[in-house]
Amino acid sequence: MDFITHLINGISLGSVYAIIALGYTMVYGIAKMLNFAHGDVIMVGSYIIFLLMSNVGVPAIPAVIISIIVCTTLGIVIEKIAYKPLRRATSLAVLITAIGVSYFLQNSSLLLFGSDPKVFSSVVNLPSIKLANGMINISSTTIVTVVVCILIMIALTLFIKKTKAGQAMLAVSEDKDAASLMGINANATISLTFAIGSGLAAIAGALFCSAYPSLSPYTGAMPGIKAFTAAVFGGIGSIPGALLGGILLGVIEILGRAYISSQLSDAIVFAVLIIVLLVRPTGILGKKLHEKV
Amino acid sequence: MAVLEVKDLVVNYGLIQAIKGISFEIEEGELVALIGANGAGKTTILHTITGLIQPKAGTIIYNGQDITKIPGYKIVSLGMSHVPEGRRVFANLTVMENLKMGAYTRKDKKEIEETLKTVFEHFPRLEERKNQAAGTLSGGEQQMLAMGRALMSKPKMLLLDEPSMGLSPLMVKEVFSIIDYCHKEGITILLVEQNAKMALNYADRAYVLETGNITLSGDAKDILNNDQVKKAYLGV
Ligand SMILES: Nc1ncnc2c1ncn2[C@@H]1O[C@H](COP(=O)(O)OP(=O)(O)OP(=O)(O)O)[C@@H](O)[C@H]1O
Ligand SMILES: [Mg+2]
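Protein chains in written order, with the numbering used here: chain A, 1 to 293; chain B, 1 to 236.
None of these hints come from the bench; they were simulated from the model.
Remember, it's a predicted structure, so these values are computed and weren't measured experimentally.
Treat each hint with caution, since some may be false.
Said to hold, decoys possible - For lysine-lysine, the following BS3-like pairs were computed, each having C-alpha atoms within a straight-line distance of at most 25 Å:
| hint | chain 1 | residue 1 | chain 2 | residue 2 |
| --- | --- | --- | --- | --- |
| 1 | B | 130 | A | 162 |
| 2 | A | 161 | B | 110 |
| 3 | B | 109 | A | 162 |
| 4 | A | 32 | B | 74 |
| 5 | B | 109 | A | 164 |
| 6 | B | 69 | A | 80 |
| 7 | B | 221 | A | 164 |
| 8 | A | 176 | B | 107 |
| 9 | B | 130 | A | 161 |
| 10 | B | 100 | A | 164 |
| 11 | A | 84 | B | 56 |
| 12 | A | 80 | B | 107 |
| 13 | B | 221 | B | 184 |
Please model the entire structure based on the sequences and the hints provided.
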């Protein structure tokens with residue numbers, strides 16, 4: 001029975017990774033860059049929810065919505081100021097800039113909010129669910145996280161398949177110049193991608209901090225790196241890959257912590273990544289060249 | 001009146017000057033061929049016209065409007081469609097999705113359907129394969145798709161970059177018959193070709209480009225009979 005509980009918790013944590021991984025994978029697919037500041041957007045979003053709920057007394061749902069709006073804007077601004085001028089620069093220059101943005105966000109938060117961890121109150125306030133005569137106890141946050149992840153995946157898939165903006169994303173991810181010849185504004189499409197990724201980061205932050213309620217300026221870094229790992233694991237550039245990679249990573253982490261060693265669980269996660277990449281360099285669902293997003 | 005007027009165009013790649021101050025123009029409804037050896041700068045000229053590259057100097061006037069500094073993605077809605085070198089179809093999208101992408105800037109669903117019907121009439125092969133991923137089409141089929149996709153915007157002017165490259169003689173004929181059809185429909189065409197003989201046979205006028213300079217221009221028939229051209233480009 002413990003195993004089932006661990007498995008469900010793993011799927012839930014993995015769902016958060018999957019939502020974050022979407023941001024990495026979409027931006028990579030469309031702008032061909034790794035946005036290492038993505039994890040820190042999660043942290044910014046969580047601080048906004050925390051401040052609104054604890055200091056202003058805003059209820060959970062409106063607080064999350066405001067956080068989504070702020071993070072979406074933040075994502076667009078980061079792209080405009082830091083990345084857009086580097087559109088034709090080398091990928092190393094872009095990578096270093098992304099790391100710079102990451103430090104900028106962390107240190108700004110340190111300055112604004114201080115270094116002492118805050119206790120984040122869950123945005124999900126529903127009773128937990130007991131199954132099998134109370135032998136399995138699943139918190140409402142866990143359930144909500146999984147449900148939200150599934151909804152996001154469905155919405156995003158429909159958006160890309162059915163809307164013009166979604167099709168434009170596919171076109172830009174394959175061939176920016178050819179997309180431009182079709183009349184697609186690649187810059188606007190890249191901007192939209194950052195907006196969506198950052199909005200999702202806000203949601204991920206709310207869910208992550210609800211499950212792990214200690215909030216500090218470095219809160220976003222670790223889930224950010226793990227979600228990036230998940231994106232690579234599943235095949236960077238692939239949306240189903242982000243989902244699969246995220247869930248697998250979450251499950252491996254939680255089961256590893258429960259049955260092998262709580263200190264080694266992160267090491268196990270990265271060891272699995274290395275093995276997968278040795279066998280399949282493009283990740284589980286990653287395809288060869290040109291097959292992005 | 002000239003539909004397209006290129007004046008004193010200079011294009012650099014870093015320190016290398018690829019286009020060295022060329023001027024040419026195309027009248028409405030004309031089929032003009034642009035021929036030249038590998039690396040002469042043909043693709044560069046087309047890319048500059050449709051805004052994929054910014055020129056160092058010079059102006060490009062289209063229908064009386066200066067389009068030199070207009071962002072590339074706005075060009076197609078002005079009625080100019082570019083079939084790029086190497087086809088550049090969206091490999092992971094289906095044939096149908098590629099064609100829809102060609103009509104990206106158009107709003108009227110009904111008219112788009114009509115254009116789609118005409119495109120399928122000319123390229124029945126595309127209709128048979130409409131749900132196939134474009135990347136799995138043969139080279140010839142991809143060329144058909146690239147042209148069909150360009151026609152989906154209902155262009156008044158077409159820029160074609162080596163549409164016959166890598167195709168079998170039969171396929172080349174088919175491609176040129178489509179070009180001829182577009183020409184007869186009144187679409188203004190700028191055709192870049194390695195297959196100079198074929199291009200000059202179909203074109204009204206032609207320009208010969210040599211390492212960034214236009215060295216010869218005139219009636220396609222005259223160029224076809226020019227001794228220098230014969231030696232350099234027609235292999236006779
Ligand atoms: N992105 C680039 N960076 C640097 N130089 C370039 C670039 N693209 C083209 N060039 C150079 O500019 C010149 C013209 O190239 P362009 O592609 O326009 O030639 P082309 O006439 O289309 O040749 P081909 O018939 O082989 O297609 C060549 O010398 C080429 O090496
Ligand atoms: Mg060329």
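Each hint, compared with the structure:
1. 130/B to 162/A: Answer holds: residue 130/B to residue 162/A is near 17 Å, not above 25 Å.
2. 161/A to 110/B: It holds: about 21 Å lies between the C-alpha atoms, which stays within 25 Å.
3. 109/B to 162/A: holds (15 Å)
4. 32/A to 74/B: Holds, at roughly 23 Å.
5. 109/B to 164/A: Between residue 109/B and residue 164/A the Cα gap is close to 13 Å, so the pair holds against 25 Å.
6. 69/B to 80/A: holds (21 Å)
7. 221/B to 164/A: Measuring from Cα to Cα gives roughly 45 Å; hence the hint is violated.
8. 176/A to 107/B: Holds, because 22 Å separates the two Cα atoms, which is no more than 25 Å.
9. 130/B to 161/A: Within the cut-off at roughly 16 Å; holds.
10. 100/B to 164/A: holds (10 Å)
11. 84/A to 56/B: The hint holds at about 22 Å.
12. 80/A to 107/B: violated (29 Å)
13. 221/B to 184/B: Measuring from Cα to Cα gives roughly 18 Å; hence the hint holds.
In the structure shown, a violation is registered for the earlier hints numbered 7, 12, in ascending order.
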